[in-house]
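Protein chains in written order, with UniProt numbering: chain A, 1 to 385; chain B, 1 to 385; chain C, 1 to 385; chain D, 1 to 385.
Treat the hints with care, since some could be wrong.
One copy or two, it doesn't matter: identical chains are merged, so the pair holds either way.
Heads up, simulated DSBU-like pairs for lysine-lysine below, C-alpha to C-alpha not over 35 Å straight-line [said to hold, decoys possible]:
id: 1; residue 1: Lys27; residue 2: Lys163
id: 2; residue 1: Lys341; residue 2: Lys64
id: 3; residue 1: Lys341; residue 2: Lys378
id: 4; residue 1: Lys27; residue 2: Lys60
id: 5; residue 1: Lys31; residue 2: Lys294
id: 6; residue 1: Lys378; residue 2: Lys60
id: 7; residue 1: Lys198; residue 2: Lys186
id: 8; residue 1: Lys273; residue 2: Lys341
id: 9; residue 1: Lys168; residue 2: Lys60
id: 10; residue 1: Lys64; residue 2: Lys376
By construction, these hints were calculated from the structure, which means they are not laboratory data. Here the structure is a predicted model, which means the values were calculated and not measured.
4 protein chains.
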Amino acid sequence: MNMRNICVVVTARPSYSRIKTALQAIKAHSKLNLQLVVAASALLERYGTAVNYIEADGFKIDAKVFNVLEGENLTAAAKTTGIGILELSSVFENLQPDIVVTIADRFETMATAIAASYMNIPLAHIQGGEVTGNIDEKVRHSITKLSDYHLVASEDAEERVIKLGEEKEFVFNTGCPSIDLAHIVKCDGDLNFDPYQKYGGVGAQPLISEGYIVVMQHPVTNEYTDSRQHIEATLDAVKEIDLPVLWFWPNVDAGADGTSSGIRSYRERYDLKHVHFFKNMEGQDFLKLLNNAKVLVGNSSVGIRECAYLGVPVVNIGSRQNRRQRGHNVIDVDYNTNAIKNAIEQQLSSGKAEQSCIYGEGNSGEQIADILSEVKLKFHKTIVY
Amino acid sequence: MNMRNICVVVTARPSYSRIKTALQAIKAHSKLNLQLVVAASALLERYGTAVNYIEADGFKIDAKVFNVLEGENLTAAAKTTGIGILELSSVFENLQPDIVVTIADRFETMATAIAASYMNIPLAHIQGGEVTGNIDEKVRHSITKLSDYHLVASEDAEERVIKLGEEKEFVFNTGCPSIDLAHIVKCDGDLNFDPYQKYGGVGAQPLISEGYIVVMQHPVTNEYTDSRQHIEATLDAVKEIDLPVLWFWPNVDAGADGTSSGIRSYRERYDLKHVHFFKNMEGQDFLKLLNNAKVLVGNSSVGIRECAYLGVPVVNIGSRQNRRQRGHNVIDVDYNTNAIKNAIEQQLSSGKAEQSCIYGEGNSGEQIADILSEVKLKFHKTIVY
Amino acid sequence: MNMRNICVVVTARPSYSRIKTALQAIKAHSKLNLQLVVAASALLERYGTAVNYIEADGFKIDAKVFNVLEGENLTAAAKTTGIGILELSSVFENLQPDIVVTIADRFETMATAIAASYMNIPLAHIQGGEVTGNIDEKVRHSITKLSDYHLVASEDAEERVIKLGEEKEFVFNTGCPSIDLAHIVKCDGDLNFDPYQKYGGVGAQPLISEGYIVVMQHPVTNEYTDSRQHIEATLDAVKEIDLPVLWFWPNVDAGADGTSSGIRSYRERYDLKHVHFFKNMEGQDFLKLLNNAKVLVGNSSVGIRECAYLGVPVVNIGSRQNRRQRGHNVIDVDYNTNAIKNAIEQQLSSGKAEQSCIYGEGNSGEQIADILSEVKLKFHKTIVY
Amino acid sequence: MNMRNICVVVTARPSYSRIKTALQAIKAHSKLNLQLVVAASALLERYGTAVNYIEADGFKIDAKVFNVLEGENLTAAAKTTGIGILELSSVFENLQPDIVVTIADRFETMATAIAASYMNIPLAHIQGGEVTGNIDEKVRHSITKLSDYHLVASEDAEERVIKLGEEKEFVFNTGCPSIDLAHIVKCDGDLNFDPYQKYGGVGAQPLISEGYIVVMQHPVTNEYTDSRQHIEATLDAVKEIDLPVLWFWPNVDAGADGTSSGIRSYRERYDLKHVHFFKNMEGQDFLKLLNNAKVLVGNSSVGIRECAYLGVPVVNIGSRQNRRQRGHNVIDVDYNTNAIKNAIEQQLSSGKAEQSCIYGEGNSGEQIADILSEVKLKFHKTIVY
């Protein structure tokens with residue numbers, strides 16, 4: 001019997017972590033052959049390459065696609081996508097996948113969607129249908145309209161994809177594979193490693209045994225020039241917090257410069273004795289760190305999804321996660337130092353939140369692999385209304 | 001007062017004809033400055049370059065973008081789009097448009113949509129919301145989700161774009177500007193030129209004063225390998241028709257080879273004494289030719305739109321125009337020689353059809369220019385549901 | 001023992017014919033593994049794809065690179081080269097060659113040379129060191145300066161490459177592998193096939209048993225706008241010749257339009273009852289056709305090389321072969337109808353010319369393979385003076 | 001009278017400094033119109049963008065070309081060049097230059113040379129003909145063979161370009177425009193600014209009034225994996241020096257990672273109380289800093305050229321400047337900590353060296369502008385032998 005070639009394109013380190021259990025399930029599936037393509041910022045040292053983690057997890061990388069054009073402005077983001085199409089179409093021609101899988105909504109994922117759909121390769125989209133209210137939203141829904149199969153992460157998303165005119169038969173609410181990892185950590189989540197020793201990074205090394213805060217704040221593409229001001233609001237709030245702070249560096253993005261240089265400049269100006277900066281961390285370790293954190297601060301989707309499942313309190317800043325379905329664990333605030341400080345204090349006093357399963361129950365990866373092994377192969381579709 | 005820069009990207013000759021009155025109205029508008037970009041197959045000699053017509057109509061071309069990668073396969077179509085993004089983002093950086101306008105749904109139009117939306121330039125889409133049931137549909141609805149303004153051509157399309165989650169405030173049913181041209185021809189449409197003399201072409205030159213048939217059949221992207229068989233069904237049907245036949249060469253497309261080589265090979269094998277082949281024709285002349293034709297045969301959208309307004313009988317072949325709203329003038333058939341022949345005969349015996357205004361009343365160009373001059377500039381949106 | 005991977009990049013049909021025996025010798029060599037890449041116009045149907053011939057000859061194609069950007073102007077030639085670099089560097093990364101081989105001097109060969117040399121892959125150049133006096137010359141000598149090994153075709157070329165500052169140790173006069181094929185035809189060269197039947201083509205089918213002329217004229221890149229005038233001078237001369245004429249279509253090139261459309265238009269205007277047009281012909285058959293021709297007319301390098309060995313009289317038009325070493329068989333003329341006609345008549349009256357071995361003795365392919373198997377691997381060099 | 005459009009493409013910050021006086025002379029020339037294109041690493045913040053300096057010097061930038069593909073490996077260098085060709089050919093089409101000027105020998109300059117020569121635009125090359133013995137050399141001589149005019153910086157280079165088969169008439173020894181700046185500093189070169197205050201940077205801020213050393217060491221492309229080891233040899237040598245050290249960050253290059261991460265890691269491991277790190281410095285200030293330095297250490301060409309004119313002692317490390325003509329001021333050493341330390345001490349004890357004018361006398365910029373205004377326009381050439 002012929003196995004199906006399932007080609008998954010990972011364009012950013014967080015995307016890898018998010019779907020790792022799906023990759024494992026595809027690899028382990030008796031009817032599927034995993035073809036793994038790593039591209040864009042997922043490859044780059046200065047954003048914390050995903051390659052080491054991927055290989056340490058036992059995956060073989062079938063193709064690496066370097067397509068990030070330097071410039072960190074909007075034109076470079078457009079051109080990076082153009083180069084991505086050029087490169088990925090060659091990769092698909094070599095690998096001859098039966099299904100291509102694209103993940104979420106970063107701008108470069110559009111390159112995967114266009115190359116596959118223009119080449120008449122059935123396209124599966126993981127985590128479509130969500131709403132956030134930024135440029136990612138244009139990309140996300142646009143990819144939905146190019147995709148043949150929709151592997152969404154919540155009921156909310158399922159309904160929205162169907163409203164977008166997709167056939168119900170090809171919309172599957174599998175939950176989010178990132179919750180599979182949270183599930184494991186939930187069961188056995190002690191902080192059994194020293195993050196400074198294991199992951200290096202720069203800055204102070206405050207004692208974390210008595211509790212700590214985690215910060216992760218990405219630039220918001222549509223508000224390019226404000227990136228620096230946004231990050232400084234958070235830095236100001238965090239500077240005065242009494243607890244140790246573990247800060248994670250942002251991913252590449254148009255706008256990264258404002259955020260990154262904001263952090264760098266702040267570090268030169270102030271002596272932050274309670275803040276340590278990490279470039280990246282293996283997914284499972286990061287979840288353990290979160291699971292034991294007092295609060296997560298920033299605008300990462302991990303606060304909305306994994307932390308809902310884990311019951312970790314979150315201070316969610318700004319518009320990046322707008323309108324994503326929330327559990328009981330989130331307080332939303334604007335880019336305002338006082339508002340951020342107050343919300344952190346409120347979360348500290350409330351303690352752990354109740355668990356929500358809105359983004360899955362811990363078996364998404366296997367569901368995804370099963371669907372990809374059975375779904376009818378097709379690249380032709382028409383809107384239902 | 002600052003005028004708005006409206007940058008229109010034309011990627012194919014038929015797209016130019018379709019929106020010519022909108023270009024004229026933008027150019028003439030006191031608050032608008034037209035920036036015209038000609039790209040892709042619209043530039044190429046072997047598909048009948050649009051440049052001559054554009055310049056003869058008095059337009060200045062602000063930038064030419066050569067991005068068609070040879071190969072005429074699906075990979076080349078993907079790569080053409082990638083190159084288009086690379087080139088158009090440079091063009092937009094130079095021209096600094098306030099609004100970019102992309103037309104319809106050919107695969108290369110995606111390059112315009114991505115370059116503009118990724119660069120945070122407000123994007124207007126002309127002729128979204130329609131349904132056809134081929135690869136164009138993925139492209140069309142995907143562009144809708146990247147676009148900020150929707151200038152649709154029918155009520156049917158208007159409803160569909162709104163269902164896709166776009167804000168009503170930014171969806172405008174202007175009708176199709178191609179109907180503006182049909183309107184002029186309807187008023188004064190005698191065939192006042194000799195098509196052989198004016199447009200050259202190859203093949204026989206049958207007398208057309210006693211009536212004639214027009215044929216225009218494009219390859220259908222999703223059915224690549226069948227292109228040749230499809231065109232031969234039509235060639236076989238047309239070969240036995242008693243009337244003069246004026247045949248128009250297809251545009252570039254992934255699949256063009258099957259169609260084009262099918263025609264070339266047929267011409268070498270058979271002596272087609274009643275068939276003349278044109279590469280292209282100025283839009284107004286083409287409409288006059290249609291207005292005086294007994295039947296239009298093929299799969300061009302002109303049969304669905306302009307011919308509805310003009311009341312010209314149409315034999316529409318295959319899936320390319322599937323589910324587009326139709327007037328009273330169309331008979332649909334499959335790629336089948338007998339079916340095509342019978343439908344032609346039926347249309348010949350019925351004569352002219354009743355006029356339908358479903359695609360506009362003749363003032364679309366002006367409506368479009370007015371909207372572009374007044375609509376709120378924005379590049380940020382979020383799905384309504 | 002590890003075999004060396006020898007990656008040969010073929011970018012045009014004539015380049016393939018020219019080095020076929022080298023490919024055969026590499027493939028047959030016990031220490032070499034042939035990696036064959038077919039790119040640019042060599043792939044395209046409308047210039048006579050080389051793929052069919054290559055596969056019929058028993059070669060496996062390891063990668064196909066579509067990089068021809070349509071436009072047929074100088075900008076498109078530059079961009080085609082840029083795309084070629086993007087694509088070929090991915091191919092080299094996949095194939096991991098020990099040596100890359102680039103052939104001759106067409107503009108796209110620069111893409112091979114840059115990709116290989118920038119990636120620190122040892123680069124061998126076949127047929128450097130010659131002089132022609134057109135844009136090809138800039139390309140040819142520029143590639144010499146990027147190359148590590150020089151497999152030249154004549155003593156003249158050997159001396160020139162050494163003068164260019166290359167180390168003698170790495171300059172090898174192997175003769176031209178195209179002469180290997182001429183050698184076989186010289187031994188057994190009867191015209192044992194019917195060219196019309198075997199190769200199709202268009203136009204008249206004059207009887208060739210009593211002798212015929214072959215024409216092959218390519219556009220000359222530097223003289224873009226003159227291409228049409230040049231081809232018409234030849235067409236006018238040939239039109240009045242009494243013998244059957246077998247005309248071969250030009251390859252792609254910036255300027256192809258002038259030449260190709262010149263021929264097309266001429267065919268529509270005149271009834272050329274003694275002229276047949278071929279798109280292409282398998283190399284060996286073409287040599288047999290030449291070997292039995294009364295005269296070769298045009299500007300192909302085959303007139304300078306293979307015809308010298310075969311003793312076929314040549315009327316060489318214009319600057320394309322300027323300063324290439326000549327045997328006794330060539331008369332040079334300008335783009336002038338009368339000059340061309342007179343030279344043809346002079347060659348007809350003289351008959352077969354004396355054999356010259358200036359471009360090799362018939363064993364170049366094997367010499368090349370042996371050198372590639374033994375030469376020291378290196379990608380670092382410095383000018384000798 | 002029509003002025004000539006002279007389009008200069010600057011791809012790296014040091015190239016800008018090197019030819020600033022030529023740009024000034026072109027801008028000021030009554031028969032020339034300067035078109036300035038800034039591309040590649042010259043634009044990027046993280047290598048010290050040249051844009052600020054260029055604009056502060058009163059130049060208008062006509063086009064910015066972002067073409068650096070991230071990855072910092074050899075494949076990325078090749079692809080960066082491919083993208084450069086795509087982008088620059090569009091720029092040249094817009095600007096319609098009469099002459100394009102390319103500078104020196106970095107890998108991206110090849111994109112300028114190919115785009116211009118393939119588009120039949122006369123190409124001038126500044127600083128060809130030199131010998132260094134690394135990958136730059138392939139690029140440099142290859143560009144010579146694509147160029148129409150050669151504006152070389154020394155007698156040695158002049159002779160070499162002529163030996164490469166170029167016509168004497170088009171080879172001009174103008175000296176190096178960087179010496180024009182050294183000339184100004186030589187006349188009035190006090191250190192009239194505080195480098196820490198004016199240029200920021202990171203690290204210690206040792207007192208420099210009693211003398212200091214300058215370090216500038218770039219990665220050497222051909223020896224990619226050794227970059228880190230090379231930089232550590234220098235770091236080890238410098239660590240034990242008693243004088244203040246002003247260290248300049250390397251430019252982008254394939255291999256930058258090894259060098260840059262070597263420095264970063266060393267800084268985390270050691271407390272370098274006498275070393276300050278600069279990202280960049282305006283050319284004239286840098287020369288003043290050099291003019292007052294005790295020794296320059298590293299592999300920058302500034303040590304060979306400007307320092308010869310200024311008489312500043314230089315410890316030149318490794319192969320990067322191999323075979324470049326030297327004045328009396330240079331000691332060459334290998335990548336060896338002891339050798340570097342000893343050479344520094346030797347230079348410290350010898351003091352200032354004698355002036356050499358081998359790279360010009362201080363009026364190169366004006367000579368270059370005059371030549372570009374008068375030289376015959378041509379893009380066709382043939383090798384002289």
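Status of each hint after checking the structure:
In this assembly of identical chains, the alpha carbons of Lys27 and Lys163 lie at most 35 Å apart only when taken from the same copy (33 Å versus 38 Å across copies). Proximity of Lys341 to Lys64 under the C-alpha cut-off of 35 Å is found in neither arrangement, the shortest distances being 42 Å within a copy and 42 Å between copies. In this assembly of identical chains, the alpha carbons of Lys341 and Lys378 lie at most 35 Å apart only when taken from different copies (32 Å versus 51 Å within one copy). In this assembly of identical chains, the alpha carbons of Lys27 and Lys60 lie at most 35 Å apart whether taken from the same copy (10 Å) or from different copies (31 Å).
In this assembly of identical chains, the alpha carbons of Lys31 and Lys294 never lie at most 35 Å apart, being 43 Å within a copy and 56 Å across copies at closest. For the homomeric pair Lys378 and Lys60, the shortest alpha-carbon distances inside one copy (27 Å) and between copies (31 Å) are both at most 35 Å. Taking the shortest alpha-carbon separations for Lys198 and Lys186, only the intra-copy value of 22 Å comes in at or below 35 Å, while the best inter-copy value is 53 Å. When the C-alpha separation of Lys273 and Lys341 is checked against a cutoff of 35 Å, the pair qualifies only within one copy, where the shortest distance is 18 Å, while the shortest distance between copies is 37 Å.
Within a single copy, Lys168 and Lys60 get their C-alpha atoms as close as 34 Å, which meets the 35 Å cut-off; across copies the closest is 45 Å, which misses it. Taking CA atoms no more than 35 Å apart as the test, Lys64 paired with Lys376 passes in both settings, with 29 Å inside one copy and 30 Å between copies.
Hint violations for this structure: numbers 2, 5, all remaining hints satisfied.
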